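Asks: Could you build all of it, start to finish, from the sequences and the hints given here?
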Amino acid sequence: GEDVEQSLFLSVREGDSSVINCTYTDSSSTYLYWYKQEPGAGLQLLTYIFSNMDMKQDQRLTVLLNKKDKHLSLRIADTQTGDSAIYFCAEIRTTSGTYKYIFGTGTRLKVLA
Amino acid sequence: DSGVTQTPKHLITATGQRVTLRCSPRSGDLSVYWYQQSLDQGLQFLIQYYNGEERAKGNILERFSAQQFPDLHSELNLSSLELGDSALYFCASSAASGSGADTQYFGPGTRLTVL
Chain A
1 GEDVEQSLFL SVREGDSSVI NCTYTDSSST YLYWYKQEPG AGLQLLTYIF
51 SNMDMKQDQR LTVLLNKKDK HLSLRIADTQ TGDSAIYFCA EIRTTSGTYK
101 YIFGTGTRLK VLA
Chain B
1001 DSGVTQTPKH LITATGQRVT LRCSPRSGDL SVYWYQQSLD QGLQFLIQYY
1051 NGEERAKGNI LERFSAQQFP DLHSELNLSS LELGDSALYF CASSAASGSG
1101 ADTQYFGPGT RLTVL
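Residue numbers (the numbering used here), protein chains in the order written: chain A, 1 to 113; chain B, 1001 to 1115.
These are computed hints drawn from the structure, not numbers from a lab.
Warning: the hint list may mix true and false statements.
[Unchecked claim] Under the rule of at most 20 Å between Cα atoms (straight-line distance), these lysine to aspartate or glutamate pairs were calculated in the EDC-like manner:
#, chain 1, residue 1, chain 2, residue 2
1, A, Lys100, B, Glu1053
2, A, Lys36, B, Asp1102
3, A, Lys56, B, Asp1102
4, A, Lys100, B, Asp1102
5, B, Lys1057, A, Glu38
6, A, Lys100, B, Glu1062
7, A, Lys36, B, Asp1001
8, A, Lys100, A, Asp26
9, B, Lys1057, A, Asp69
10, B, Lys1057, B, Glu1075
11, B, Lys1009, A, Glu38
[Unchecked claim] So these bits of chain A aren't anywhere near chain B, every CB distance computed over 10 Å:
#, residue
12, Phe9
13, Ser28
14, Leu43
15, Gln44
16, Leu61
17, Arg108
18, Lys110
19, Ala113
None of the values given here were measured: they were computed from a predicted structure.
We put the CB at the ideal spot given by N, CA and C, even for glycine.
Replies: Below, the structure is given as structure tokens:
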């Protein structure tokens, strides 16, 4: 189908790790992205992974990609209250030579102090 | 601050009306993208312009149109507005034509309320 799917909510305690999951649809997607949206703000690119990689680490963020299952995850180590936000995964789809970003439904992360 | 500016921040209008949303991309960016974010539809890609030309089209209604001007700013025109058009409209910009890891930088959005 068309949809990029994510679970809607995740709640973790400060200092714990958070894992946000995403299932995408287009096996030919070359890049997959994670964006963060804080209340009242636009989307901020957190990280991206190229499709020939299994893992990418960037400070507290670890992205895992399972191409066979079309599954993408974002792990946030030592989660802080400032990490509370909505997290969107996105895939890039190619149709007739043009590129289109398809965003997931978003996961609302709540970090409890 | 992403460097992408959008005006106005808020817009309240009535059904049947027409509005124009404006976006200025980051300095040097050639691509502008428009997205609609609503509670029921999530974040939907509408359209992309690259250096003045339409580059990619998403779920944009026929009542909506956009353009990118020679100075690279873009306008999104929404006409015959319906209640369901109430949403947050985001503009994003990127340096190149949008392929691969061409990072998109998002503006703060325009909140449109149709009464």
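Asks: A separate judgement is required for each hint: does it hold in the structure or not?
Replies: Going down the list of hints, with the structure as the test:
no.: 1; hint: Lys100/A x Glu1053/B; in the structure: holds, 15 Å
no.: 2; hint: Lys36/A x Asp1102/B; in the structure: holds, 17 Å
no.: 3; hint: Lys56/A x Asp1102/B; in the structure: holds, 17 Å
no.: 4; hint: Lys100/A x Asp1102/B; in the structure: holds, 12 Å
no.: 5; hint: Lys1057/B x Glu38/A; in the structure: violated, 27 Å
no.: 6; hint: Lys100/A x Glu1062/B; in the structure: holds, 18 Å
no.: 7; hint: Lys36/A x Asp1001/B; in the structure: holds, 14 Å
no.: 8; hint: Lys100/A x Asp26/A; in the structure: holds, 11 Å
no.: 9; hint: Lys1057/B x Asp69/A; in the structure: violated, 28 Å
no.: 10; hint: Lys1057/B x Glu1075/B; in the structure: holds, 15 Å
no.: 11; hint: Lys1009/B x Glu38/A; in the structure: holds, 16 Å
no.: 12; hint: Phe9; in the structure: holds, 15 Å
no.: 13; hint: Ser28; in the structure: holds, 13 Å
no.: 14; hint: Leu43; in the structure: violated, 4 Å
no.: 15; hint: Gln44; in the structure: violated, 7 Å
no.: 16; hint: Leu61; in the structure: holds, 15 Å
no.: 17; hint: Arg108; in the structure: holds, 12 Å
no.: 18; hint: Lys110; in the structure: holds, 18 Å
no.: 19; hint: Ala113; in the structure: holds, 27 Å
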